[in-house]
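Input sequences plus hints: build the corresponding full structure.
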Amino acid sequence: AAGVIQSPRHLIKEKRETATLKCYPIPRHDTVYWYQQGPGQDPQFLISFYEKMQSDKGSIPDRFSAQQFSDYHSELNMSSLELGDSALYFCASSPPGTRWGEQFFGPGTRLTVL
Amino acid sequence: KNEVEQSPQNLTAQEGEFITINCSYSVGISALHWLQQHPGGGIVSLFMLSSGKKKHGRLIATINIQEKHSSLHITASHPRDSAVYICAPPGNEKLTFGTGTRLTIIP
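First to last, the sequence lines map onto chains D and E.
For the record, in the first sequence the residue sitting at position 60 is 60 according to the numbering used here, with numbers rising by one throughout.
Remember, the numbering used here sits 1000 above the position in the second sequence when you count from 1.
Mixed in with the good hints, there may be bad ones.
Said to hold, decoys possible - Restraint-style ranges between C-beta atoms, simulated for each label pair:
no. : chain 1 : residue 1 : chain 2 : residue 2 : range
1   : D       : ARG9      : E       : ARG1102   : 20 to 26 Å
2   : E       : ASN1010   : D       : GLY3      : 26 to 32 Å
3   : E       : GLY1040   : D       : GLN54     : 27 to 33 Å
4   : D       : SER80     : E       : HIS1078   : 42 to 48 Å
5   : E       : GLN1014   : D       : PRO96     : 42 to 48 Å
6   : D       : GLN67     : E       : GLY1040   : 26 to 32 Å
7   : D       : ARG63     : E       : GLU1005   : 40 to 46 Å
8   : E       : GLN1014   : D       : LYS57     : 43 to 49 Å
9   : D       : SER65     : E       : GLU1015   : 46 to 52 Å
10  : D       : ASP62     : E       : GLU1015   : 47 to 53 Å
11  : D       : THR18     : E       : GLU1067   : 25 to 31 Å
12  : E       : ILE1106   : D       : GLU82     : 38 to 44 Å
As the list claims (entries may be wrong) - Residues of chain D clear of chain E, computed beta-carbon distances all greater than 12 Å:
no. : residue
13  : GLU14
14  : LYS52
15  : GLY84
16  : ASP85
As the list claims (entries may be wrong) - Partner residues aside, some chain D positions facing chain E, computed with beta carbon under 10 Å:
no. : residue
17  : TYR35
18  : ASP42
19  : PRO43
20  : PHE45
21  : TYR72
22  : SER86
23  : LEU88
24  : GLU102
25  : GLN103
26  : GLY106
27  : PRO107
28  : GLY108
29  : ARG110
Just so you know, these hints were derived from the structure itself, not from any lab.
None of the values given here were measured: they were computed from a predicted structure.
Don't be surprised by glycine CBs; every beta carbon is placed ideally from N, CA and C.
As structure tokens, then:
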């Protein structure tokens, strides 16, 4: 069965650079969630999209933005990167009709900011 | 006060032992996720349940919505079960993660 795809799996950036993380939900899933997990920390909710519209916002810095496209894939754009942005970024998706239903997680993108 | 509390926070057991991880939450919810995160970082959704009990292989999850308590049981534990187990109530479309229970199964 198809799973959530995230790319890239690993990313190394310098401070003040920008990064774009991509998430491809399971086919026919219409809700996408982004989570950030710092080293030794719990995952923290960043933002979610339902039917291409932002549906909920968590602890996402102003330097970050995200969107969901017509094919339901989502991109998380991160600018002016800081050392503290180094983390594992997870994307999850949910099937239609269950906006806060079971979430299926991608493998994550490990971002390292040097 | 955390909305979600798990116990124990760390658990080491011998292979074959029966494992129980408990989750208590302070917010009213209609369902609860149990997730598994392996050392490599990947998160796997084990269960989402809103009442009673669900079973998948050697894993059993129970929930009592009124008492705001859920448990995850692992029968005949195996070293490959070693991971962090997280209960997370969905609320307003996001999951609120607790600190998780780090389980280590020794061969």
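Here is how each hint holds up against the structure:
1. In this structure the hint that ARG9 of chain D and ARG1102 of chain E lie 20 to 26 Å apart at CB holds, the actual value being about 24 Å.
2. Between ASN1010 of chain E and GLY3 of chain D the C-beta distance comes to about 29 Å, which sits within the given range of 26 to 32 Å.
3. The given range of 27 to 33 Å is respected by GLY1040 of chain E and GLN54 of chain D, whose C-beta atoms sit roughly 30 Å from each other.
4. At roughly 45 Å, the beta carbons of SER80 of chain D and HIS1078 of chain E sit within the given window of 42 to 48 Å.
5. GLN1014 of chain E and PRO96 of chain D have their C-beta atoms about 44 Å apart, which keeps the hinted 42 to 48 Å range intact.
6. For GLN67 of chain D and GLY1040 of chain E, the Cβ-Cβ distance of about 29 Å falls inside the hinted range of 26 to 32 Å, so the restraint holds.
7. Roughly 32 Å separates the CB atoms of ARG63 of chain D and GLU1005 of chain E, a value that falls outside the hinted 40 to 46 Å.
8. A beta carbon spacing of about 45 Å between GLN1014 of chain E and LYS57 of chain D agrees with the range 43 to 49 Å that was offered as a hint.
9. Between SER65 of chain D and GLU1015 of chain E the beta carbons are some 47 Å apart, a value that agrees with the proposed interval 46 to 52 Å.
10. Evaluation of the 47 to 53 Å hint for ASP62 of chain D and GLU1015 of chain E yields a pass: the beta carbon distance comes to about 49 Å.
11. Here the CB-CB span from THR18 of chain D to GLU1067 of chain E is close to 48 Å, at odds with the stated 25 to 31 Å.
12. The supplied range of 38 to 44 Å is met by ILE1106 of chain E and GLU82 of chain D, whose beta-carbon atoms lie about 40 Å from each other.
13. No Cβ of chain E approaches the Cβ of GLU14 of chain D within 12 Å, the least distance being about 23 Å, so the stated non-interface status holds.
14. No beta-carbon of chain E comes within 12 Å of the beta-carbon of LYS52 of chain D; the shortest separation is about 15 Å.
15. At the 12 Å boundary, the C-beta of GLY84 of chain D stays outside the reach of chain E, the nearest C-beta of that chain being 18 Å off.
16. Against chain E, the non-interface label of ASP85 of chain D holds: every CB pair exceeds 12 Å, the least being about 16 Å.
17. Annotation: interface hint on TYR35 of chain D holds; nearest CB of chain E at approximately 8 Å, less than 10 Å.
18. Using the Cβ-Cβ criterion of 10 Å, the hint placing ASP42 of chain D at the interface with chain E is satisfied: the shortest such distance is roughly 4 Å.
19. Given hint, PRO43 of chain D at the interface with chain E, holds; its Cβ is 5 Å from that chain's nearest Cβ, closer than 10 Å.
20. Hint status for PHE45 of chain D relative to chain E: holds, with the closest Cβ pair at about 4 Å, below 10 Å.
21. A least Cβ separation of about 15 Å between TYR72 of chain D and chain E goes past the 10 Å threshold, and the interface hint is therefore violated.
22. Annotation: interface hint on SER86 of chain D violated; nearest CB of chain E at approximately 13 Å, more than 10 Å.
23. Hint status for LEU88 of chain D relative to chain E: holds, with the closest Cβ pair at about 5 Å, below 10 Å.
24. For GLU102 of chain D, the shortest C-beta to C-beta distance to chain E is roughly 4 Å, which falls under 10 Å, so the interface hint holds.
25. With a least beta-carbon distance of about 6 Å to chain E, the hint placing GLN103 of chain D at the interface is held under the 10 Å criterion.
26. Of the supplied interface hints, the one on GLY106 of chain D holds, with its beta-carbon coming within about 8 Å of a beta-carbon of chain E, less than 10 Å.
27. Proximity of PRO107 of chain D to chain E holds as hinted, the smallest CB-CB distance being about 5 Å (cut-off 10 Å).
28. For GLY108 of chain D, the shortest C-beta to C-beta distance to chain E is roughly 5 Å, which falls under 10 Å, so the interface hint holds.
29. A hinted interface residue such as ARG110 of chain D counts as satisfied when its beta carbon comes closer than 10 Å to some beta carbon of chain E; here the least separation is about 7 Å, so the hint holds.
The structure is inconsistent with the numbered hints 7, 11, 21 and 22, although it conforms to all the rest.
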